[in-house]
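**Student:** What follows is each chain in one-letter form.
Number of protein chains: 2
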Amino acid sequence: MKVSELYEIPIEEAVEELKARGAKRILLQLPDGLKKFSLRIAELLQYEGFEVVLSAGGCYGGCDVAVNEATAVRADAILHVGHLEFLKIREIPVVYAPLKVVRAPLEELASQIALLLPRGAVLGLVAQLEYVELLPELKRKLQSKGFRTLIAEKPLILGCDVRAAESIANKVDAIVVLGAGEFHALGVQRRVDVKVLLADCERCEVRGLASEVKRREALRWEAISKAKEARRFLVVTSVKLGQFKLGEALKAVKALERIGAKALLAVVDEISVERLYAFTWADAFIIAGCPRLVFDHLEIYGKPVVDVEDVKYIVEEEFGASAEQEGT
Amino acid sequence: MKVSELYEIPIEEAVEELKARGAKRILLQLPDGLKKFSLRIAELLQYEGFEVVLSAGGCYGGCDVAVNEATAVRADAILHVGHLEFLKIREIPVVYAPLKVVRAPLEELASQIALLLPRGAVLGLVAQLEYVELLPELKRKLQSKGFRTLIAEKPLILGCDVRAAESIANKVDAIVVLGAGEFHALGVQRRVDVKVLLADCERCEVRGLASEVKRREALRWEAISKAKEARRFLVVTSVKLGQFKLGEALKAVKALERIGAKALLAVVDEISVERLYAFTWADAFIIAGCPRLVFDHLEIYGKPVVDVEDVKYIVEEEFGASAEQEGT
Numbered sequence: 021m022k023v024s025e026l027y028e029i030p031i032e033e034a035v036e037e038l039k040a041r042g043a044k045r046i047l048l049q050l051p052d053g054l055k056k057f058s059l060r061i062a063e064l065l066q067y068e069g070f071e072v073v074l075s076a077g078g079c080y081g082g083c084d085v086a087v088n089e090a091t092a093v094r095a096d097a098i099l100h101v102g103h104l105e106f107l108k109i110r111e112i113p114v115v116y117a118p119l120k121v122v123r124a125p126l127e128e129l130a131s132q133i134a135l136l137l138p139r140g141a142v143l144g145l146v147a148q149l150e151y152v153e154l155l156p157e158l159k160r161k162l163q164s165k166g167f168r169t170l171i172a173e174k175p176l177i178l179g180c181d182v183r184a185a186e187s188i189a190n191k192v193d194a195i196v197v198l199g200a201g202e203f204h205a206l207g208v209q210r211r212v213d214v215k216v217l218l219a220d221c222e223r224c225e226v227r228g229l230a231s232e233v234k235r236r237e238a239l240r241w242e243a244i245s246k247a248k249e250a251r252r253f254l255v256v257t258s259v260k261l262g263q264f265k266l267g268e269a270l271k272a273v274k275a276l277e278r279i280g281a282k283a284l285l286a287v288v289d290e291i292s293v294e295r296l297y298a299f300t301w302a303d304a305f306i307i308a309g310c311p312r313l314v315f316d317h318l319e320i321y322g323k324p325v326v327d328v329e330d331v332k333y334i335v336e337e338e339f340g341a342s343a344e345q346e347g348t
Numbered sequence: 021m022k023v024s025e026l027y028e029i030p031i032e033e034a035v036e037e038l039k040a041r042g043a044k045r046i047l048l049q050l051p052d053g054l055k056k057f058s059l060r061i062a063e064l065l066q067y068e069g070f071e072v073v074l075s076a077g078g079c080y081g082g083c084d085v086a087v088n089e090a091t092a093v094r095a096d097a098i099l100h101v102g103h104l105e106f107l108k109i110r111e112i113p114v115v116y117a118p119l120k121v122v123r124a125p126l127e128e129l130a131s132q133i134a135l136l137l138p139r140g141a142v143l144g145l146v147a148q149l150e151y152v153e154l155l156p157e158l159k160r161k162l163q164s165k166g167f168r169t170l171i172a173e174k175p176l177i178l179g180c181d182v183r184a185a186e187s188i189a190n191k192v193d194a195i196v197v198l199g200a201g202e203f204h205a206l207g208v209q210r211r212v213d214v215k216v217l218l219a220d221c222e223r224c225e226v227r228g229l230a231s232e233v234k235r236r237e238a239l240r241w242e243a244i245s246k247a248k249e250a251r252r253f254l255v256v257t258s259v260k261l262g263q264f265k266l267g268e269a270l271k272a273v274k275a276l277e278r279i280g281a282k283a284l285l286a287v288v289d290e291i292s293v294e295r296l297y298a299f300t301w302a303d304a305f306i307i308a309g310c311p312r313l314v315f316d317h318l319e320i321y322g323k324p325v326v327d328v329e330d331v332k333y334i335v336e337e338e339f340g341a342s343a344e345q346e347g348t
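Note that the protein sequences, when read in sequence, are chains V and G.
Under this note's numbering, think of the first position of the first sequence as 21, with each following residue one higher.
Under this note's numbering, think of the first position of the second sequence as 21, with each following residue one higher.
Hints are all accurate, no fakes.
Facing chain V, a subset of chain G residues (Cβ under 8 Å, in silico):
{"#": "1", "residue": "G77"}
{"#": "2", "residue": "E89"}
{"#": "3", "residue": "T300"}
The list that follows gives simulated cross-link-like pairs (lysine-lysine, DSS-like), each with its CA atoms no further than 27 Å apart:
{"#": "4", "chain 1": "G", "residue 1": "K282", "chain 2": "V", "residue 2": "K39"}
{"#": "5", "chain 1": "G", "residue 1": "K56", "chain 2": "G", "residue 2": "K39"}
{"#": "6", "chain 1": "V", "residue 1": "K44", "chain 2": "V", "residue 2": "K120"}
{"#": "7", "chain 1": "V", "residue 1": "K274", "chain 2": "G", "residue 2": "K44"}
{"#": "8", "chain 1": "G", "residue 1": "K191", "chain 2": "G", "residue 2": "K215"}
{"#": "9", "chain 1": "G", "residue 1": "K282", "chain 2": "V", "residue 2": "K22"}
Partial chain V-side listing against chain G, Cβ under 10 Å, derived:
{"#": "10", "residue": "L74"}
{"#": "11", "residue": "S75"}
{"#": "12", "residue": "A302"}
The set of hints was computed from the structure by calculation and includes no laboratory data.
Where a beta carbon is used, it is the ideal one built from N, C-alpha and C, also for glycine.
Required output: the full structure, derived from the provided sequences and hints.
**Tutor:** Shown next as structure tokens:
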């Protein structure tokens, strides 16, 4: 199903898979940005004989599969749109329909890159989910403009996982992130020392991210620094399957208690930083969930919001590494 | 534990009950307005040897017990503060600590009532949860001022259940709702023809609700009227145990389809009307959850939001009565 000039959602393939599994009632789950297509998709599914229930929850990753909602309405399967399989779900069959790119302005993006970097430079190539299959073509276009190129062995980057970029950072002069929107590319630029260029297929624009990373890093360190002054912490995790970092959250609570602070653990279905402000006693919030939650909320309401990974800077000790093993 | 000049939370009794049940790890759940006391309660529980995890979800009733959160963190029991038992929870022990009134300005409230109503009038008395035990004293004070009084047989009113008031409405000249805040008393005034006075213990003020009910009823009917023009509906229910109105929601979907409209069912953990706006195709939203969700959101963003009970006015047929029986 074509959903814009750039994208399609391969619903027809998903329908075949759902039929093969004998599903009747489907929970249809889409990220907020794709929910506008939910009526068309639901109509197609209904036409094919399925009963459809929509998930109205927020959903910003394959780490967030609406198992509770599906169980509650006794769905036979979940159709999860916009992401790849990230978790093994045992409770219910899950069929994935990631967004696919119909066409992308690769020639134009390659030309823009050629204006920004010297001929002969070695470019490392990674991509967001929807664009991974386009990397060989981008590689050819860049080579024809005189660049040397290296596609990472597993070139997919996620919001919470940019290892693809880290794995090649020391072998290249710059990294090109093929995608759309800054979130993923900023994550890459944060983690590597080499220059990162976002090749943005939606805006048809190539741009560097160093200054935006610098701005956000300053906010991040300001939050960490303010959190060091805090005496009372709320450490929050989510019950969403792939965002349930209970071990890390408990570890953070203990580390904060060791430095004499008061720290309590909280849990919720969907973390929204705004909700946490009902806990008026908290001087600072530690988020043990999707890193995007902190990334998007560094500077609200005057209280510091810090990712659980950064608690080591508050307590000034390394403790994160063994968090998983010591989880409750 | 005293939490203000007016209220206490009987945590000590809850602690005894939790100990008797042998619980070790407690999920502490409070409505947003009481979350500010969560640190003090958690410290008391920790002092008594319990491990505490906070629920960070919204919670506006005994219909909303955080079973999923408690299960996720493997709590042994839930301590649910601020409401009475409303549901039979099988999955996990739940101990309730409803708010208790320490003192209330009953003499002052009775005097204000005497200024508003004629001597000899028959007053029906009902109350919100925290104030039910004060009704006999209010009755005596009103009698001493020359009123006749009738306390409803089961005088407790909830946001979604004002039958106590309905049961006595035709036997009295006015109904006095002892409580705080307008939500419950407005619900009473909506449902009965007789005059309703809110005796507000927090503001120490007695006031009528007819004009506010009129304003909200106008908004309600405007929403229903606009929804009649809508062609595409999103009908939403919540997985929260006591707010899961799947049968009514499905019934509404079918009734809307019978009049030629498109209607899809959606489900979510916590309904917030704002979230639903990602479904841009919907012309109107039908809420099959807590009535408060509609009550508080009648007029936002220009799209009508209608309680599932009012769908009968959109489709112009009675269909609600058998909803439960035909639930999936």
